[in-house]
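Required output: the full structure, derived from the provided sequences and hints.
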Amino acid sequence: MSIRMSFKKISKILLYAFFITIALLWLLPIGSSILLSFKTINDYMNQTFWQLPTKFNFVANIEYAWNSANIGTFILNSIVYATVGAIVAIIIASLAAFSIVRLKLKGRNSLFGLIFIGTMFPFQMFLIPLYIMYLSTGLYNTKIGLILFYIAICIPFATFVFRGFFISVPKELHEAAKLDGCSDLGVYAKIFMPMSLPAISVVFLFQFTWVWNDLLFGMTLSTSNSVRPVMVGLAQLSGENLTNVPGLIAGAWIASLPTIIVFILLRRYFSQGLVLHVAG
Amino acid sequence: MKNWIKIVSPYLYVLPALAMVTIFLLWPALDTGFISFTSYNLLTPPRFIGISNYIRLFEDPFILNSFLNTLWWTILTIILSVGLGLLFAVGVNRLKFAGFFKFVFYIPLTLSAVVIGVLWVWIYQSNGLVNTILNEIGLGGWSQTWLLNVPINTFCMIIAWVWATAGQNMVLFLIGLQTLPTEVIEAADLDGANAWQRFWHVTFPLLTPMTTVAVTMSLINSLNQFNIIYVMTGGGPYRSSETLAVSMYRESFTMMKFGYGAAIAVVLTIIVFVTSWIYMRHNFKRERDVY
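Residue numbers (my numbering), protein chains in the order written: chain A, 1 to 280; chain B, 1 to 291.
Rather than coming from a laboratory, the hints here were simulated on the basis of the structure. Note that the structure is predicted; figures quoted are calculated from it, not measured. Hints are all accurate, no fakes.
Listed next, the in silico DSS-like pairs over lysine-lysine satisfying Cα-Cα at most 25 Å (straight line): (1) Lys190(A) x Lys178(A); (2) Lys9(A) x Lys96(B); (3) Lys190(A) x Lys104(A); (4) Lys96(B) x Lys8(A); (5) Lys178(A) x Lys6(B); (6) Lys171(A) x Lys104(A); (7) Lys106(A) x Lys171(A); (8) Lys178(A) x Lys106(A); (9) Lys102(B) x Lys9(A); (10) Lys6(B) x Lys190(A); (11) Lys106(A) x Lys6(B).
What the simulated footprint calls covered on chain A by chain B, stretch by stretch (three residues with Cβ under 8 Å from a Cβ of chain B suffice, anywhere in the stretch; the number is not a length): (12) 98-105; (13) 120-129.
Far from chain A, by Cβ distances over 12 Å, these chain B residues were calculated: (14) Gly138; (15) Val202; (16) Thr208; (17) His282.
Backbone N, C-alpha and C fix where the C-beta goes; we use that ideal spot for every residue, glycine too.
So this is what it looks like as structure tokens:
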């Protein structure tokens, strides 16, 4: 018995040692890069990564990233893209899902299939025709062009989530409201949408984050700094082989702030959405 | 008249969604298929050349190398990221401060692939974290320019990606663990099964649905791997660390060979569809056999 006990104790200690080591390894890139964003270029060149900065240079680094490196413009662009993209997609997709689930629509399953198939392709399948289309229609390198694409790419997953959510709403609710003289659009706006906060949150969390993190389409469909989204700007900056590494890392962290905040606010919808994301 | 409106109006709700998806996703996907049979550089109209792009693709040593890299990405991410995710999920609940450990593994999920790339470029730099630590513990001989040496640069990027995604798999397995019937595990415990036996013969088989989800997700994401490579090595040096997705971008938008780029995109799509279909079919069959 006592042998078994001590064996258990040892394995417990090993378990802790293992997980503490792994957790430290996981924290190392984050902790050391945050520390780096407080340092001057001089400290960065002459210190090892765990040493504390001799001079707190955080504000100057942020200033460098925001102004000289243009991250400020990129961030403001992306705030528009991600917010408008996600919200308009939520409206368009919830209307479609409402009709597919609740209105008597012939061929509703094939319509849903058609909308949903959009997410199945690797993104490389969209790039060339979009690029050509954008060049020939004048959408290339415009904010409206990027917004239109971001709305479109958000729609399939959003429709999928809203369809699943609306199916669980009892039919009787809709019928009762119609007896009271409510139109279909009224039922959608006054009954279905106010109930859909969980669905809206899941879609907003995933699609805001998706648009914010996009590199590929932003890079392909735009070329000037005044239009390009934040991740394209950051990738550009990191490719320039610059000397101000603390400034670059500070820029990377402020570029991450919006998604970190959205994650914290909507964190309980994350695991739900993750499962849906793959199920779809 | 009234009746007519009644029939049409439900379709008006679907129309915006359908139009957006058709214009920006479905039509481009189809068009890429057409372009892959042409030679096209944007300056002159596309010229139909049959399957020449596809034939060239199979003889192109750069594409072969990209294919092998894509394979490494896929296999190693599935083993390491899903494996670690499972390990974290199973282990973390036996610890005090489980919430703290979960939080730590969860942090990278809030960062974009570009940010992860930027951080890890710095980590692998000649005066970066890895080399500093190696020097410090007396293994200075091992220090090198990690992202410039082939084939180690691909594996370095895979490690960065595992760091970034293991937490996501942990979240999936934690959801899976919550739904497990505790009686079965307790019964196995009473039957004298040790921790490893309980895990291997009871917990892990019961987690199969979540394993399918996690593996499918890793499979698709790593077959399409682009962002982190673009930021960390740009596919270099000498195209050595490209994956198919990076090669497609390079052939199309750097070399302006749109027909050839489209052909790579089509091949990549076929690979993604076929592998995920085979994997899921195999697994659903196995699930049916279990129950």
